[in-house]
Structure formats: structure tokens, C-alpha cells
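In order, the protein sequences belong to chains A and B.
The numbering used here puts the first residue of the first sequence at 84, with every later residue one more than the last.
The numbering used here puts the first residue of the second sequence at 12, with every later residue one more than the last.
Hints should not be assumed to be uniformly reliable.
[Said to hold, decoys possible] Each computed BS3-like pair below joins lysine-lysine, with the alpha-carbon atoms no more than 30 Å apart: (1) B:K57 with A:K243; (2) B:K52 with A:K178; (3) B:K151 with B:K122; (4) B:K50 with A:K243; (5) A:K243 with B:K130; (6) B:K151 with A:K178.
[Claimed, not checked] Pairwise CB distance ranges, derived in the manner of DEER restraints: (7) A:I254 with B:K57: 16 to 26 Å; (8) A:K277 with B:K57: 53 to 63 Å; (9) B:R13 with A:A266: 52 to 62 Å; (10) B:E64 with A:L144: 56 to 66 Å; (11) B:K57 with A:I156: 35 to 45 Å; (12) B:P100 with A:P259: 43 to 53 Å.
I should point out that these hints are in silico values taken from the structure, not numbers from a laboratory.
We treat Cβ as the ideally placed atom computed from N, Cα and C, and that holds for glycine.
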Amino acid sequence: MAKLSTFTDGLVKENIVLRLMIGLCPVLAVSTTATDAFGMGIAATFVLVSSNICISTVRKLTPDQIRIPIFIIIISTFVTLTDYFMNAYAPTLHKSLGLFIPLIVVNCIILARAEAFAYKNDLLSSILDGLGTGLGFIGAIGLMGLAREILGNGSVFGYKLTAGVFSPAIIMILPPGGFIAMAFIMAALNHFTKKETY
Amino acid sequence: MREVVDFALRLLIICVLSAGSLSWVYEVTATRIQENQKKLKLELLKRVLPAAERFEAVDKGEFQYEVGYRGEDRIGGVFYGEGKGYGGPVQIMAGIDKEGKVVEVLLLSHKETPGLGTKVADQEFRSQFRGRNGPFALKKDSPSGNVDGVASATISSRAVTKSVDEALKLFEKEWGKDG
Chain A
84 MAKLSTFTDG LVKENIVLRL MIGLCPVLAV STTATDAFGM GIAATFVLVS
134 SNICISTVRK LTPDQIRIPI FIIIISTFVT LTDYFMNAYA PTLHKSLGLF
184 IPLIVVNCII LARAEAFAYK NDLLSSILDG LGTGLGFIGA IGLMGLAREI
234 LGNGSVFGYK LTAGVFSPAI IMILPPGGFI AMAFIMAALN HFTKKETY
Chain B
12 MREVVDFALR LLIICVLSAG SLSWVYEVTA TRIQENQKKL KLELLKRVLP
62 AAERFEAVDK GEFQYEVGYR GEDRIGGVFY GEGKGYGGPV QIMAGIDKEG
112 KVVEVLLLSH KETPGLGTKV ADQEFRSQFR GRNGPFALKK DSPSGNVDGV
162 ASATISSRAV TKSVDEALKL FEKEWGKDG
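Use the sequences and the hints to build the structure in full.
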């Protein structure tokens, strides 16, 4: 049972973006279209799960004093691999995500899970934790991307929706729109999930 | 002292593993990445100069351009231009036929405001250059201007217009010489 909750905690209860509010930079920056948002979510999840696997595997061989450089080397290796693969097999996505792929290296979500979880737990739990946190991240950034693309550009995954009926609110794909969308999504999540405890 | 050596060795092993796997994946993906880039470039060239069958790059040091061939005939060139936009540099490529008329203009990269400045990348604005000789200038900027700027995006429109004009000037400079 303990195993299962390491997975499900990351989805909603301890959602990394909407609850813990870390790793917001890519969420705000690359959620202007649903395609970019899901692409970013999947790339970050891949890095997260792979680095969790590696770090958990080598945790007994990693002395405390040099754990951070070792984490960073492992994480940046997977980020660079993702960068190469995406450039080779999904060049359009690679072009629109641009600088944000290499920046996954410094995404605090990944380092946080490495430090707080994978370094202290066995392989299976670390995989589950990575998957749960990653899916939570995909969900949050994907919702942002969908909301902002529909409201700000009148399209979903690049397909036009408005049919000329209404003109989209440009502000939603500008930086302020990111904060607005995030606030509404967070408020809705709190409304539907939180028990009255205060 | 022993600890230092121990740490250094551990880090070394991790680094070697990391570098090894990276270079392996690089080998696997490098050719594909290059093919993608070539394909993408050819696609763009075909869009700005559809009449050409093949392109040959010309490198002049300060600038590069492509000459489009149909059979053995030089039917036009693709020139690049850069202007200062609202959010940063705006890079364009322009296909120009041998009479010096613009065939098509495409934006290669820009950081203009979504929804306002990005309209300069739309057909409506770009089509103003099609089939016309230079020099180009915004109607707003000079009495002899011939290009309508996009409303609330004058700086972006000016950047594109100026870079198309620049591309045309390069064409005029280059085309007479050896063609």
C-alpha cells in the first residue's frame, strides 16, 4: 500500500506545480500552446523518471558530500539525451520548446525529487514517485496549455475552434495570462479537493 | 587525502559513463538531425522560390545566399535580411526572381508580441511584397512608401519591410556581377 501512495500522492494531493508550487518557470513559459505544454511535460517526466532510476541505483555508492555534483551529472546526461532524441525525431517540437529543453537541467522539480526521494528510497518506489510526480506535472502544465491556447488563440493543438465567432483574448498567451490561468486552475483544484480544515 | 581520491574516482566514473552514453546517442542521432535540418532548409527555400529545382549556396563571408536553378538557368536567388523588431531581431528570407521581383517572403525567427507583432508573419502582410520591385518602405515612414504596416505593430512591420529591402539590395549587388 505504501508503494501505491508514493505514486498517487504526486497526482493531486502533492501535485508538484499546483500544490507544492515548485518548478513554475517552464509551466508559465511554455504553456502558450497545448502541444508545447504536453511536449514539455513528457520531456520533463522522462528526465525525472530516468534520473530517479539512476540516482536510486547508485545511492549507496554516492557519498553525501558529493551527491549534488553526481545528481547534476546524471540529470544533465538525460536532458542532453532528450535534447538529441527530440531534435532527431520531433524537430518541430524541438524548435518551439527551444531553450527550455536544456533548462530542464536546472528545473528544481527534478533535483528536488532526486534529493528528497530517490536518494533515500529503493528503485521501485523511486520509479513510482517519478511517474506520479511526472504525471502530476504533465496534468498541470497540460491544463495550463489547453486553457491558454483555447482562450488566447482560439485553438486546440493547433486546430482552430472559434470559427470566427469570438476573437480570442490575446492576454492569455502573454506572460500575465500564465499567472491568471494558473491562479484559476489552483483555485478550482482547491475548491474541489480540500476539506474544510480552517 | 584518501577521501579526496575516493570522491574524485567516483565522480570520474560517473562522468565517464555519462560521456560514453552521450557520445553513443550523439552518433545515433547526428545524421538524422542533419538530414532534418537539410530537409527543413530545402522546404523553406522551395516555399520562397517554388520555380527553382535545385539550390546552390553562395558564401560571401559577410553574407550568404542561395541561387535557384531550373535546369541550367539561374532563375533567382534567396537572400536573407535582418531588422530590429519590437522584441528582438527579426530574420527573414526572401525569394527574388531574376528580374528583381520578390516572389515570397518568410519570417525565419522573431520574438514579436503574440497576437500583435506576430501578424507580420501572416499572409496578409507578407503578400504585399509579392511580385514587386523595391525599394520598400512603410507608407507611414515616407511619402513614397508602398507597404501598409500592421495596425499597432508598426515597429514589427518596419523591421520586416527594412529587412526585405536589405535582401533586395544584396540581390542587386550580387546578381549583376556574375549572372
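How the hints compare with the structure:
Distance restraint check for K57 of chain B and K243 of chain A: the Cα-Cα separation of roughly 26 Å lies within the 30 Å cut-off, and the hinted pair is therefore satisfied. The suggested pairing of K52 of chain B with K178 of chain A holds, with an alpha-carbon distance near 13 Å, which does not exceed 30 Å. Taken as a hint, the K151 of chain B and K122 of chain B pair is honoured in the structure, with Cα atoms around 23 Å apart against an allowance of 30 Å. Taking the CA atoms of K50 of chain B and K243 of chain A, the gap is about 27 Å. The hint holds against a cut of 30 Å.
Restraint check: the Cα-Cα separation between K243 of chain A and K130 of chain B comes to about 16 Å, which is no more than 30 Å; the hinted pair holds. With a C-alpha separation of about 34 Å, the suggested pair K151 of chain B and K178 of chain A falls outside the 30 Å cut-off, and the hint is violated. A hinted range of 16 to 26 Å for the beta carbons of I254 of chain A and K57 of chain B is inconsistent with their spacing of about 37 Å. Checking the proposed 53 to 63 Å range against K277 of chain A and K57 of chain B shows it holds: the Cβ atoms sit about 56 Å from each other.
Roughly 54 Å separates the CB atoms of R13 of chain B and A266 of chain A, a value that falls within the hinted 52 to 62 Å. Checked against the hint of 56 to 66 Å, the C-beta distance between E64 of chain B and L144 of chain A comes to roughly 60 Å, which is consistent with it. For the pair K57 of chain B and I156 of chain A, the supplied restraint of 35 to 45 Å holds, since their beta-carbon distance comes to about 43 Å. Judged by the Cβ atoms, the range 43 to 53 Å given for P100 of chain B and P259 of chain A is violated: they are separated by roughly 25 Å.
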